[in-house]
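Participant: Chain by chain, the residues:
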Amino acid sequence: MNPENYLYLAALLFTLGACGVLLRRNAIVVFMCIELMLNAANLLLVTFSRMHGNLEGQIMAFFVMVVAAAEVVVGLAIIVMVYRSRHSASVDDASLMKL
Amino acid sequence: MNPGDLQAPDIEWVALSPSLVVFAAAVVGVLIEAFAPRSARYAAEVVVSSVGLAGAFAAVVALAANGHGTSKSQIAGMGSLAVDGPALFLQGVTVLVGLVSVFLFAERRLEPVAHGARVDSFAAQPAAVPGGKAEQEAVRAGHTTTEIFPLLLFAVGGMLLFPAANDLLVLFIALEILSLPLYLLCALARRRRLLSQESAVKYFLLGAFASAFLLFGVALLYGYAGTTSYAGIADVISGEPSHMEPGLASTMGNDALLLIGGAMVLMGLLFKVGAVPFHMWTPDVYQGAPTPVTGFMASATKVAAFGAMLRLMYVVLPGLQWDWEPVMWGVAIASMVAGAVIAITQTDVKRLLAYSSIAHAGFILSGVVAVSEDGVSSVLFYLGAYSFVTLGAFAVVTLVRDAGGEATHLSKWAGLGRRSPLLAAVFALFLLAFAGIPLTSGFASKFAVFSAVAQSGGMGLVIVGVLASAVAAFFYIRVIVLMFFSEPRPDGPSVVIPSPLTMSVVGVAAAATVVLGVAPQYFLDLADQAGVFVR
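Read top to bottom, the protein sequences are chains A and B.
Once you know that position 76 of the first sequence is 81 in the numbering used here, the rest is easy, because the numbers rise by one and skip nothing.
Once you know that position 42 of the second sequence is 126 in the numbering used here, the rest is easy, because the numbers rise by one and skip nothing.
In case anyone wonders, no lab produced these hints; they're calculated from the structure.
Cβ coordinates follow ideal geometry from the N, Cα and C atoms, glycine included.
There may be inaccurate statements among the hints.
[Stated by the list, open to error] Cβ-to-Cβ under 8 Å is the rule here; a few derived chain B residues that face chain A: (1) P214; (2) A218; (3) Q220; (4) L253; (5) V285; (6) K286; (7) A292; (8) A296; (9) T335; (10) M336; (11) D339; (12) W406.
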């Protein structure tokens, strides 16, 4: 199968993730959409790695997975903290600083 | 050697020592958090962070004195990190800013004594619900969050790697190392915790969104060039790859990969420096974060991110200059104008400084757009000067307080010059430096940037820049007039006398502002020598 199709799939997943970040209101769902974007980039890296016949892309995909895990640790900590003090994880409710 | 044996990588430990020292100090800090008794942590953390950052600064100076910034500049760590003039200069600035920020973080005289224990401006128990029982217990027990020091060190470590990154993988990893601790630091304010948490969640979601774009751009550039090293990509862009492979032959003609990838990477970096139209997070995060963190973030992040952007523009994408130049012109003009105009309407001093930082991002960007050696060295000088002014201004904001904590509303600053002339005079000095009045570092740096832009044929940018500076000067001077020429309010805030820690921060920043303004030549020469990127 032509590896180019995976590039189109990656672009589609990335767009879906970006739309989700902009449209969804729950911080957890927004965060999951960001993870989807990172994984789309991973798919892109692995596909290009196959097309170029070198391993740099695959190595990078491993690093991205580690970074994504670290980001989950930090992000969920922040979101859970906000949820506990506001009893809502909606990103629209967090608007104390609007003038 | 048998086939299949792994070859050990060749690491230039000495050339990479600045960031290694900082990371080692951060790891020691984590171990202190894990094993030292609670009472001993504060002192141990402050000592470890200060010694680590001072050691890293000594390493930077030693490397520069050895000629690693000029004749002996090299690519270290198997092609992943550059040790050259711009990298060492910006690492020196970042480490100094980090060291001064440690003092700002460690200040314990500003908050009223709580139950017999001196406390800093960070939450007693960040995980506890604001106003809840667990928080009250933590405050009663006099707990403090000493984890801020290792977090600061990790952020500084990432900022040291960021401008030195010579490989797209390292660029992305360094971005995350510097961002993740900052997201957490934003959430840790002792007062106004809901605002602080809100700023953290905004910064985190938008920051992660921007780094996802950067990563996708990195993947596209890798797809275009078949390598992630800066020099390799630049070779492919100029049409002379070091070795040709069938995969590369099919992708290197595809300009869509290159243009979209380059644009997305730039977008991620523009978000970090807070340039229009990626500036939306700046005012909210600057206002909500604890003020010492805001000062650190506003100065050091900008230094690191502009360093990474310079390297990307000058090493990877010079072949695309005609494509990115008009876009960056637009971004620079929009940042200068929007930052200066929106700042006029602000009533909160931290938000005012946030919009002023957006305008300054525009000024620095116009130096980046001047594609010349003068452009690089003027941006380096600007970053050095600007970071200390910013840090000093936010340090002053921590001192003006009333019963509710820091009094950041501008109406409360009325008449401050009559009550505390010295402090108001120092703040006025910082504001004049922001405005670019002669004899302050702001004038020298703006002059350097604008003359570099004018020489490279960007007269339009210079005119917009000067006009934006004039608009910006209006609201800086309005604050000065408010402080010195209006009656103090009876219920107004008071200026807390800080410990020598914050005094040294304000003193260092004021001294840097005056020295770089009155006698900038030595530092301009230093930035001039540092203006060449290694390839």
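Participant: Confirm or reject each hint.
Facilitator: The hints, checked one at a time:
1. Contact between P214(B) and chain A, as hinted, is supported at the beta carbon level, the nearest pair being about 5 Å apart and thus within 8 Å.
2. At a threshold of 8 Å, the smallest CB-CB gap from A218(B) to chain A is about 10 Å, leaving the interface hint violated.
3. Below 8 Å, beta-carbon pairs count as interface contacts, and Q220(B) has none with chain A, the closest being about 14 Å; its hint is therefore violated.
4. Taking 8 Å as the C-beta cut-off, the interface hint given for L253(B) holds, the closest approach to chain A being about 5 Å.
5. About 5 Å separates the beta-carbon of V285(B) from the nearest beta-carbon of chain A, less than 8 Å, and the hint is met.
6. A cut of 8 Å between beta carbons decides the hint on K286(B): the least distance to chain A is about 7 Å, and the hint holds.
7. Taken as an interface hint, A292(B) checks out: its beta carbon lies about 5 Å from the nearest beta carbon of chain A, inside 8 Å.
8. Taking 8 Å as the C-beta cut-off, the interface hint given for A296(B) holds, the closest approach to chain A being about 4 Å.
9. Annotation: T335(B) was flagged as interfacial toward chain A, and the flag holds, the nearest CB pair being 7 Å apart, inside 8 Å.
10. Because the beta carbon of M336(B) sits about 10 Å from the nearest beta carbon in chain A, more than 8 Å, this interface hint is broken.
11. A distance limit of 8 Å between C-beta atoms decides the matter here; for D339(B) the minimum to chain A is near 15 Å, and the interface restraint is violated.
12. With 8 Å as the threshold, the beta carbon of W406(B) stays out of range of chain A, its nearest partner Cβ sitting at about 26 Å, so the hint is violated.
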